[in-house]
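A.B. asks: Residue numbers (our numbering), protein chains in the order written: chain A, 18 to 296; chain B, 536 to 691; chain C, 53 to 407; chain D, 191 to 1210.
Simulated from the structure, these hints should not be mistaken for lab results.
Since the model is a prediction, treat every value here as computed from it, not as a measurement.
For each residue, glycine too, the CB sits at the ideal point set by N, CA and C.
One or more hints might be untrue.
What the hints assert, rightly or not - Part of the chain A face toward chain C, derived, beta carbon under 10 Å:
1. 180
2. 190
3. 211
4. 212
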Amino acid sequence: MSREEQLRKRAKELLAKKEVVMVICYRAGKRPGTATPAFVTRPDGADSLVFDDRCGMNLAAYLPRVKHLGRIAVVAKGCDSRSLVTLLKEKQVTRDQLLILGVGCEGVKEKGKLSDACATCAYPNPVICDEMIGEKVTEPPPAPDPLADFEKLTPDERWQVLADDVSRCIRCYACRQVCPNCYCPTCFVDTNSPQWVGKTTAESDNMMFHLMRAMHMAGRCVECGSCSRGCPMGIDLMRFNRKVAKIVKERFGATAGLVPDEPPALAAFDPGDKQEFIQ
Amino acid sequence: MDESPVTEAVATDSTAGAFEPKIVAFLCNWCSYAGADLAGISRIQYPPSIRVIRVPCSGRVDPFFILKALQNGADGVLVSGCHPGDCHYLTGNYVARRRFAVLNDLLEFAGIDPGRVSFSWVSAAEGERFAEVVRDVTEKVRQLGPNKKLLKEEVA
Amino acid sequence: MKAFILSAEELGRLVTEWAKSGAVYAPVKVKDWSEFRRISSLAEADLTRVNTKLSARSLLFPQCETMFRFETSHPDKAQLAAEPVPQVILGVRPCDAAGIAVLDKFFAGQGETDTFYRRRRDKTILVGLACQVPDDTCFCTAVGGSPAGTRGLDLLLTDIGGHYVAEPLTERGEAAVKDMNEAAAADLAKKDELASKATAAMAERIDTRKLKELLDTADTNPVWGELSLPCVNCGACTFVCPTCHCFDITDETRKDKGARIRVWDTCQSCMYSQHASGHNPRLAPAARFRNRTMDKFRYTVDQVGEVSCVGCGRCIRECPAGIDIRETVERLMLALGEQSADAMQTADCKMQKAK
Amino acid sequence: MSDSGKVGAVLVVGGGIGGVQTALDLGDSGYKVYLVERASAIGGVMAMLDKTFPTNDCSMCILSPKLVAAGRHENIELMTQTEVLGVSGEPGNLKVRLKRYARSVDLAKCTGCGDCLTKCPVRDLPNEFEGGLSKRRAIYRMYAQAVPNAPTIDRTQCLKFTRDKCGACQKSCKAGAIDYTQQDEEIEVEVGSIVVAAGSKIAPTGLRPEYGHGRYPNVVTSLEYERILSASGPYSGHVKRPSDGKEPKRIAWLQCVGSRDDSVERGYCSAMCCMYAVKEAVITKEHAKHVEPAVFYMDMRSYGKDFDKYVERAEQQYGVRLVRARVAEVREDPETKNLVLRFAGDGGQRSQEFDMVVLSCGFVPPPELIELSKRLDFELDKYGFAATDQWGPIATTRDGVSVAGSFAQPMAIPEAVTGASGAAAAAEEVLAAERGKLAAVKEVPAETDVRGEAPRIGVFVCHCGINIGGVVRVPEVTEYARSLPHVVFAEENLYSCSGDTQEKIKDRIREHRLNRVVVASCSPRTHEPLFQATVTEAGLNPHLFAMTNIRDQCSWVHMKEPDKATEKSKDLVKMAVARALRLKPLPKVKLPVTKAGLVVGGGVAGMTSALALAGEGFDVFLVEQEKTLGGNARTIATTVEGDDVKARLEELVGKVTSHPRIKVYSGARIKAIDGFVGNFQTTLQREERGERREESLKHGAVVVATGAQYRTPTEYGYGQSDRVLSQKELEEILSGSRQSPVAIRQSQSIVMIQCVGSRDEERPYCSRICCAEAVKNGLKVKEVNPDADIYVLYRDIRTYGLREEYYRQARQKGVVFIRYSPEQKPEVRIEDGKPLVSVFDPILGQPVELSPDLLVLSSGLVPQAGSDELAKMLKVPLNADGFFLEAHMKLRPVDFATEGVFMAGLCHFPKFIDEAAAQAKAAAGRAATILSRDTLEAEATVASVNPDRCSACHMCEGLCAYRAIEVKTINERTGKQAAVVNEALCKGCGACAANCRSLAIDIRGFQAENISREIAALLD
């Protein structure tokens, strides 16, 4: 039985036996080569489910919206599962609300090309799941640091590259909406008194938004790449988030979304944390 | 300690004309602010570059405070708290240190010149050290010149 | 009006000429897409791609625009933002031009007009470029448009291979090309042939009239819950849409200076419909999803007499969740048509998630 | 005086950390306190220290808030430059005669500006506070952060008094505070109780003249060296040697100067010198990396919590060299002023050269206390320390006079603070009925409601004599303030803090209907409470006040740049006005208090705590998991000092069980503890007639006294032979409650091994009591059987404090002590059921074989089982070793960070009965500061949550050191969750707020909005 068949069969079973109220997976999009998240609640709906290299959207993002319905089965590749771990850590879902159907992932393709995020993925297999659908994929060898070239630039060059990139930002906040980590009732960009981030697309305001968003991702971002893929303006948003993930790993030895019981890196400390940057 | 004499102020502002940076300093109430007080009591002279905002603890300093200062035109920002282990609130500075570490590295990554935003630990007994930190931070910022990055020059 | 024929060089000279007296915008290649950028010569433009990232709307109704400036100590002495410079937008696809025609109805039509839009619009010459190979997201023909549509344009160019057929549609358009050679019949025939080929490449059909009828009574239909599930309310669709035109107004003050600014807003944001009282009629994601669909195919029909989807396909291209408005319409027609009784339990519009 | 004939006031003698803590505890519990200090400022020895072990806390940083709190406490009257002349009356009603020496400075007028300090022409007097390493003048302030902050005049040196000329200080004082006419005066106060916290002094170096202190400039005492290390000391924290100001490379610390030395009648161990020497060596390394420190010691007595780890770090990480040798002599090279040490080391007599030598002086009772003890009529021990009872090392031989701190015996800061809180408890027991009778009651006018009013800001700019006005152009700053938006009034004052200006400020508030007040003057750390009180008296909420510091941050540090200082002052005023604009009146949150305490654990500590609490007049629930009370003490026959533990324990149990206020729950288990300070609710579970029953108790405070467990050894053949015993089993044999495999009388030889399962990788801590236990049992055996050979195999003998005496006795009686190193542990074989011990003797330089009749293992103490569950229920932490972790190692030794929860006894760390009892009383004293109140007033500047914005991500919970924020379901119907701040616990540090992504948390008084406006104002 192919993985897709297993997936459909299992989804059908779970719904028929009412073990879950919904299965979140993907189905083929109208356009060739695309897939869209599918939310199946009846056994016969399971026949349309697919999982392959078109299935990029991080399904963990949907859980806070549907968790009140009952127990949800969610198909999770490596990054989705890590986002689920982050949500579990932050108690946005409870483990018993979830039935995680793990799938190994060989990378998501965008316009026939391996997505940037997937090119450096270190966790293609789910780090947490209730059952695997199909086999795990082979863990890839460690990828070269995608930030290496950028970090070699001078400070002025780096600023310029980032400023040029974020200058396209239209502040649509698609990056935020697709991100499973972003579930604040009111985003910091929408608050006033004080209004920390100006609403204009001036370089300063755009940069402020992206830097602060990166700060909020520290210790939480699992580098799924949803933000970059979701950005209608093609901004390399992952660059910020990869950086904070790298900082957190190098400084605190922490990788987001691996251990549900560990507090997020910025909700903890170690008296021995490096402090060479402090006078 | 003999408190050094108050010499009559002479109207010769030493660095008149040179670029005098404006540096926003967030000082924790219990150590660094007290250290600044001690520098004052001891009449230790340092450049008139900093403007202090008193916070209960370095743990209170939200990255927004720092970025907002740069955005509004500060040439530099200094955040100073108690030495590790000295925190009046037990662990506030440890918590802050992680946040500052991430911010520090992220700002450097983004090309904000190192030295624009500084962090230090200054205790209530370190008046001279406080002055030294201010001198050092001021000099670094002076070298860098006025801040342009992240600055929101004027309204749209 | 008469049609003309332009060589690429002649078009180039026109661009140079236009650039002397104003700004010329044209699609420019950026990474693997194109965006409208100011150019000084035709060589900078890339006229091969179907649609730019953002539609030409951003040149008439910018993402962020200062309306007027003031001094905080003298708030009564406001200064209107400076007059815009004349601009030529070159390479506007017919769908985008149709979108501007819709915008015109809102901002520069009958009754109240929008000063800032109108000032720009009055000084803008829209030079269109007919489509020949539609993208797989294109469906202008399904909503009453055409790959060679002329609506909203001052001038339409059709690339017939090395030469452009230029059809003036307004006096401003005619003035721009009146010194060129008149197009030959063969040129015109070639142009027509290309147009019908492009039209034929798009099979999508939407019965907008029927859709409107169905939508008129579909406010509380549970189908919205089902359709909206994949939508994360990111609003990318509204930002790239040529006809969306909602904005938010904010004051910025620094030192003694202030400015009133307007920025694009989106009905997909939960803040959009937040009342001062705290009440939010469209807090539910499904309600926000419904609003956009309703807006395109029902509300604007009531307001200005036409659907406000021009089939440019940008929302399909940019939706992170892969939602395809064509499919949404299909499924709506089906569901509303059938009035499917066994609506899913999950299709409850009250699903709570605000963001 | 009241009906009971007692006086609700206490005299505390001594303004060191001990006296200050006693005064604060008593003041907080509603007693009037007279805090008498001979010096011109409080602070004592701790104020002179640079850092404190084992946390390397900055001493001044942690002490100063306590001094300031004592200085401004409404119930504490500071009486500096005052001494006790005599006392009469009965406990509960004492009349104390005091002599107050003239300061020559009027404390009511002095603003502490310091103008006078620089004008005095007598400038070459040795500064005693700095160990004579710097100079002071005839008018001087003891130290920069002194409380009270006023200077004093040294009349023996002042020209006005010696030659009747000069008067420079008086001329310089714009406040008119210098008063040469002040006279010494005798005063009498009525109190119910006296606490003597007179502290101790470092041993005079004259005890060891061969070390050359006083002759050789580069030989300094440890206290002088503290000042050298201190950033505010004579060398600004640069490590320099006095002879030439050069940085020394080699520094030696010589231990036991004036300690453990019978030849100078200082037979006791001073208990803290090992640790402070290692600390000084570590801090030296932090100051100057290339210094090579060496500590010459006899036994490394790092017996306290986390001390061994500290010493190990010093050796491993900092490269501090520890040399086990007693130095015989120090000689100076007259050329280089270097010092040559002669000592016996490995391989005989050796000598080594150093650049500097620090004498780790022990501690002696202040000699003047002999006089004080006579005046107060209590006895001293043979060394001159106050004689106290072993089980309550607090009561002196005179009723109504207690002792706190190192005046009872040498002790480190935490023990002193513990004793201080214990002494407070003791005083409260006597005066329970008088609580609150003499406490200050302040009348404040009703608060004006300013909500909805447009801001009307008043700005007061201070000249501070010439301290500000001499540099900053104050009129210009005032004029500028007037021009700022919403400022309706601005004026300048000579001294904003003087009494008449306070009145003026109140008038201005009323005249101009000010609803926000800004004062631009000195430090809010010292003066904010004063101005807040002033605006309160004018009917404004104290939080409608903003202060900015244009003196310490402006005129004093930019003295040569008046233009820039003036510009900066304007900026600072502008920022303060911007902050003031959005200040909100903050409500006082009052929470009721259940006036009962829960004591968990019915051992000596628990029972002592329960009795003290009950004596203070509170109901007590005492919960013990065993069926009987007594805990570990039940297995102890006597203490090393010879106290009959059994009898004392019986007496204690009798008192507890018969006390009307104490309800004992034995055989009970705690199932849950809910609530918070003042309002706890505990669910108990216990078996009663075979039935499991639950009971719910309400109380306002908790004392954790769950004890520890003797560790059962697993090594050295234990369990393989009945002749291998634990030290506890030997004790049982000696007391007759256990049968010995070999009668002690017949035993020819007994071997004891120390540090069994202690100070190793698994348990890297010292169990503290085992050395004294071995000494005690060794002496007991010798009593029964003087011919028995007793060998104690040890690593360091840690009979600290007065217990050193018994170590000496044991040696005198022939107990043989053989040192072993952890690399060469003793080896034990069991042959024919008998143990054979082999150990390398470092003195003989060869292994020694022993075949004892009994092998006794000192296997230490381990944390009580179930500590982690209790810790979770109480939301308090355990340390890495599994003992409960106090809020602060030095200054809050019996408190938890979680308010309302305290600890005592072995659950904190292994300790002796007297120490446990002292801690138990301290815990009761600390708990009284809560239980004595009808309501608790929560801090106004706490975190507040906007529940609509909260995403319930739980991040804040982990960041809060006080466990004051918790995500809860706030709407049962919708299931909406949000963080909720417990205002009784929150301290307002802001760690949660700054980390709140959703911007749901803000800190009252330090609102993000205000800070944002401050930033914007500056840069606009």
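A.B. asks: Hint by hint, note whether the structure agrees.
C.D. replies: Going down the list of hints, with the structure as the test:
1. For residue 180 of chain A, the shortest C-beta to C-beta distance to chain C is roughly 15 Å, which exceeds 10 Å, and the interface hint is violated.
2. The criterion of a C-beta within 10 Å of any C-beta in chain C is met by residue 190 of chain A, whose closest approach is roughly 7 Å, and the hint holds.
3. Taking 10 Å as the C-beta cut-off, the interface hint given for residue 211 of chain A is violated, the closest approach to chain C being about 13 Å.
4. Against a cut-off of 10 Å between C-beta atoms, the interface hint on residue 212 of chain A holds, since the closest Cβ of chain C lies about 8 Å away.
In this structure, the hints that do not hold are numbers 1, 3, in rising order.
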